[in-house]
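2 protein chains.
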Amino acid sequence: AVAAPVFAQANPKISWKMTSTYGPSLPPLFGAAQTFCKMIEEASDGQFSIRLYPAGEIVPGYGVMDAVSNNTVECGQTASYYYYGKDPTFCFDTAVPFGLNTRQMTAWMEQGDGLKLMRELFAPRHIVNFPMGNTGTQMGGWYRKPINTLADLKGLTMRTAGFAGEVLSRMGVVPQQIPPGDIYPSLEKGTLDAVEFVGPVDDEKLGLFKVAKYYYYPGWWEGSAQVSLYVNDGVYEKLPKHYQSLISLASSYAGMQMTANYDAHNSEALRRLIANGTTLKAFPRDVMDAAFAASNVLYKEFCDKDAGFKKVFENYMAFRDGTVPWFRIAEGSYDNYLGIALANAKK
Amino acid sequence: AVAAPVFAQANPKISWKMTSTYGPSLPPLFGAAQTFCKMIEEASDGQFSIRLYPAGEIVPGYGVMDAVSNNTVECGQTASYYYYGKDPTFCFDTAVPFGLNTRQMTAWMEQGDGLKLMRELFAPRHIVNFPMGNTGTQMGGWYRKPINTLADLKGLTMRTAGFAGEVLSRMGVVPQQIPPGDIYPSLEKGTLDAVEFVGPVDDEKLGLFKVAKYYYYPGWWEGSAQVSLYVNDGVYEKLPKHYQSLISLASSYAGMQMTANYDAHNSEALRRLIANGTTLKAFPRDVMDAAFAASNVLYKEFCDKDAGFKKVFENYMAFRDGTVPWFRIAEGSYDNYLGIALANAKK
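The listed protein sequences derive, respectively, from chains D and W.
Its first residue numbered 1159, the first sequence is counted upward by one per residue in our numbering.
Its first residue numbered 1159, the second sequence is counted upward by one per residue in our numbering.
Derived by calculation from the structure, the hints in this document are not laboratory data.
Ideal Cβ placement from N, Cα and C applies to all residues, glycine included.
Some hints could be false.
[Unchecked claim] Below, in silico cross-link-like pairs of lysine-lysine (BS3-like), each with a Cα-Cα straight-line distance of 30 angstroms or less: (1) W/LYS1439 / W/LYS1244; (2) W/LYS1504 / D/LYS1196; (3) D/LYS1274 / W/LYS1196; (4) D/LYS1505 / W/LYS1396; (5) W/LYS1396 / D/LYS1399; (6) W/LYS1399 / W/LYS1312.
[Claimed, not checked] Label-pair restraints from in silico Cβ distances: (7) D/GLU1472 / W/GLN1402: 53 to 61 angstroms; (8) D/ASP1479 / W/GLY1348: 37 to 45 angstroms; (9) W/ARG1277 / D/GLU1215: 31 to 39 angstroms; (10) W/ARG1209 / D/PRO1282: 36 to 44 angstroms; (11) D/LYS1439 / W/GLY1480: 55 to 63 angstroms; (12) D/ALA1501 / W/LYS1396: 32 to 40 angstroms; (13) D/LYS1371 / W/GLU1426: 42 to 50 angstroms; (14) D/LYS1175 / W/CYS1461: 34 to 42 angstroms.
Just chain D, with the same shape it has in the complex:
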């Protein structure tokens, strides 16, 4: 046997670039990318450094997948459902209508078949994907007029995209693709009747409460929304094994902080929105039922024409249908009891 040379235990010097779909105006999202870079640098004793660029600085916000595929940048932060146009199966890496909640999504990815299936899906694009946070259940958006019944959705112009847009169009909505910077003026002018974005923390920053009064819940198209880290497969494979481990650890840690950030701060943001005149409303039951039915019709159509979609769909939905009933028992009954008990105690 030959003794390993001393430098085998050294941390090699590596510098990467990272581009994001987000920017500093969305602190929980962009902050997770910052946390990821910080932890990689700290845990490698300063030897592995990643320079982070917000959307548009070196790569457009929705160009993250291509930029990482092509090794324009070594890695990126984005949400896979933005690439619905390339392949709708990417939505399972983020959110699909009436899909998994945050904990169920993590369970499917890490202890079910989720990560394995997503790695297979991303492999031909030369991307190794890692979960890096979740927004939690999103809100159903801002509306200039109340939605009292399904009929009130007919002809409504709404800023939304991807899979959700397809379902909503079956329900009579006219979906519009509008970049974040144009949302506020379009809603103010009435070019848009409604906008869905994220939840209280991020929506408050856009100022939507000033131009639309009604804030609906839940966002049934995003029962949770997972954010992803993409790493180019060629550069990933060249990394020392212990730097590969660091990427798993730091992306998971950064993602945990993202969800904790939303969970800790959404409540305060919602209280401020309500104090500023926002009317909080639940979607009427007929809207929810029509959305559930339309989603199931659309799923069937996609499965019939796309075997790759069908393979992931069946795995994901079997996990959902097996897991959701358990969540209603201990978790659901506990949350419901405590919510009501605290509300009654306040009276």
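We have chain D; now place chain W onto it with these hints.
Leaving out everything else, chain W in the frame of chain D:
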């Protein structure tokens, strides 16, 4: 300026011992400690290794706090509420009656004041604590006879401990401290009328369904139960900074896997229990209301006599009371709708 010597970037060789309250018979719990050790070793390029010992091998299961305090071992895995007898404030690091659910607990620890307050609490014991997983909402336990009303709890001998035991004793229950190995025979012989342990995955392994038919939910004394990593403060401070970062990252990752493991597998375990004759039941409303009232009385008594408890209690409960109402809106309404829609679709 002087150039840093080459070995400044090397990973020094370090070997630690870790003791656990758990053992291989509890795979999600003990598995998290195994995952932690594995990731520390991998991400340090094999240079930082931690040898894990199950409960009883070098330290008794409930001796983890003392063993880490005294540096008998460098680190340990346990749940802080086992040390209720030393200081009831430790319960806030794990679970308290009608406390935070899993995501709320992580949010309080990481984005609220939780970790800071817990670090202050542990400092005089020479321990640096890290969150390392959560079981989710636990079940309310196994009962030989049905609990149809609060009166059915009077005189019931039940295996439970700590804070929950105090609340239950105010409700007429006779709490018993019994080691895990004696639970099954005591319940079989009728020395015990009831047992609370964890949830379907762990309870199934103990075989409790063979000797008690009624399985109640929710475990209102454990709306979530956080597991902790303890590290001796002296050895922690002597670690290179990048190894300290690795401990934060690896404990968070291992904890994420623990919760995902429970979330992915509890549903299957519950289906098997029901197939084996278990009757699943919700606690009656008068039991829940009496438990909520008794918990609040006990909290007030503890706050009145213990300023340290009061300080943490007030911070924790302000976080709960601010956050729970938000969780009922998007998350709660989504989970409730989907649970009911899937149940109806099955019919």
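| field | Holds or violated: W/LYS1439 to W/LYS1244, with C-alpha atoms at most 30 angstroms apart | value | 35 angstroms, violated
| task | Using the Cβ atoms, figure out if D/LYS1439 sits within 55 to 63 angstroms of W/GLY1480. | result | Violated: the Cβ-Cβ distance is about 21 angstroms, outside 55 to 63 angstroms.
| task | Given the range 37 to 45 angstroms, decide if the beta-carbon distance of D/ASP1479 to W/GLY1348 lies inside it. | result | 39 angstroms, holds
| Supplied distance hint 42 to 50 angstroms, evaluated on CB atoms of D/LYS1371 and W/GLU1426 | 46 angstroms, holds
| Would the pair D/LYS1274 and W/LYS1196 pass a check requiring their Cα atoms to be no farther apart than 30 angstroms? | Between D/LYS1274 and W/LYS1196 the Cα gap is close to 20 angstroms, so the pair holds against 30 angstroms.
| query | Is W/LYS1396 close enough to D/LYS1399, meaning Cα to Cα at most 30 angstroms? | reply | Measuring from Cα to Cα gives roughly 26 angstroms; hence the hint holds.
| 30 angstroms Cα cutoff - pair D/LYS1505, W/LYS1396 | 53 angstroms, violated
| said: Given the hint of 53 to 61 angstroms, is the C-beta distance from D/GLU1472 to W/GLN1402 inside that range or not? | reply: 44 angstroms, violated
| message | Hinted pair, alpha-carbon criterion (30 angstroms max): W/LYS1399, W/LYS1312. Please report holds or violated. | response | Roughly 54 angstroms between the alpha carbons, so the hint for W/LYS1399 and W/LYS1312 is violated.
| query | Regarding D/ALA1501 and W/LYS1396, is the given constraint of 32 to 40 angstroms on their beta-carbon distance met? | reply | 50 angstroms, violated
| field | Range hint 34 to 42 angstroms (beta carbons of D/LYS1175 and W/CYS1461) holds or violated | value | 52 angstroms, violated
| field | Restraint check for W/LYS1504 with D/LYS1196, where alpha carbons must lie at most 30 angstroms apart | value | 47 angstroms, violated
Violated hints, listed in ascending order, are 1, 2, 4, 6, 7, 11, 12, 14; each of the other numbered hints is respected by the structure.
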